[in-house]
Amino acid sequence: AQTVTQSQPEMSVQEAETVTLSCTYDTSENNYYLFWYKQPPSRQMILVIRQEAYKQQNATENRFSVNFQKAAKSFSLKISDSQLGDTAMYFCAFMKQPGNQFYFGTGTSLTVIP
Amino acid sequence: DVKVTQSSRYLVKRTGEKVFLECVQDMDHENMFWYRQDPGLGLRLIYFSYDVKMKEKGDIPEGYSVSREKKERFSLILESASTNQTSMYLCASGVLGSGTRDEQFFGPGTRLTVL
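From first to last, the protein sequence lines stand for chains L and Z. The first sequence runs 1 to 114 under this note's numbering. The second sequence runs 115 to 229 under this note's numbering.
Don't read these hints as lab results, they were simulated from the structure. Do not take every clue at face value.
[Claimed, not checked] Computed cross-link-like contacts, BS3-like style, restricted to lysine-lysine with a CA-CA straight-line distance of at most 27 Å:
1. 171(Z) x 96(L)
2. 127(Z) x 96(L)
3. 132(Z) x 184(Z)
4. 78(L) x 184(Z)
5. 70(L) x 167(Z)
6. 96(L) x 55(L)
7. 96(L) x 132(Z)
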């Protein structure tokens with residue numbers, strides 16, 4: 001079975017600063033995907049960034065980047081130049097490849113302070 | 115853009131009632147999912163379906179059933195609602211197993227309160 005752990009239930013960051021959200025996972029699979037999803041208050045969950053396990057290069061999407069350490073089974077999300085609109089719950093998720101089931105962490109509530 | 119819609123944003127039901135939560139997606143996705151979201155517990159998978167009339171149990175199927183008669187629609191059924199089923203329910207769909215397009219698209223959620 002796969003497990004995903006987010007050890008930071010709540011975090012805060014000043015606007016324009018950088019913040020890193022942690023995620024670790026446990027799996028015996030070699031091929032898999034990792035995801036960060038964002039759920040703004042009272043709004044739909046959307047995909048922030050995706051990482052394929054076979055790729056050594058860390059994924060980036062504008063201000064969002066990941067630090068993927070496969071041996072350590074760690075997948076952290078870095079948000080640069082934090083904006084008020086980044087305030088949300090962030091979920092880390094795992095999916096083995098091939099497969100169709102996601103495993104989610106318990107989430108980190110991020111607040112960006114003006 | 116992919117659109118996943120859920121029949122209600124807020125629902126209040128009585129203990130023992132039969133409850134139907136509907137989810138519709140417009141992108142011809144094979145896979146559809148039902149999760150419940152509770153504070154401190156994250157998202158837990160209730161059931162998923164990878165084809166019409168096919169269903170698979172997730173991690174917490176007890177007290178729930180599902181129906182998928184058409185590809186675009188996936189229903190979650192609470193046969194006899196109980197107070198411990200008060201939660202946020204999220205529906206998702208996706209084309210999984212496709213490689214780089216693997217992702218789940220989520221609906222807005224239904225906040226169900228059982229009194």
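Hint check:
1. 171(Z) x 96(L): holds (17 Å)
2. 127(Z) x 96(L): Violated, at roughly 37 Å.
3. 132(Z) x 184(Z): Roughly 21 Å between the alpha carbons, so the hint for residue 132(Z) and residue 184(Z) holds.
4. 78(L) x 184(Z): violated (40 Å)
5. 70(L) x 167(Z): Given pair residue 70(L), residue 167(Z) is violated - Cα atoms ~37 Å apart, limit 27 Å.
6. 96(L) x 55(L): Satisfied, since the Cα-Cα distance of roughly 14 Å is no more than 27 Å.
7. 96(L) x 132(Z): violated (35 Å)
Taken one by one, the earlier hints fail for this structure at numbers 2, 4, 5 and 7, listed in ascending order.
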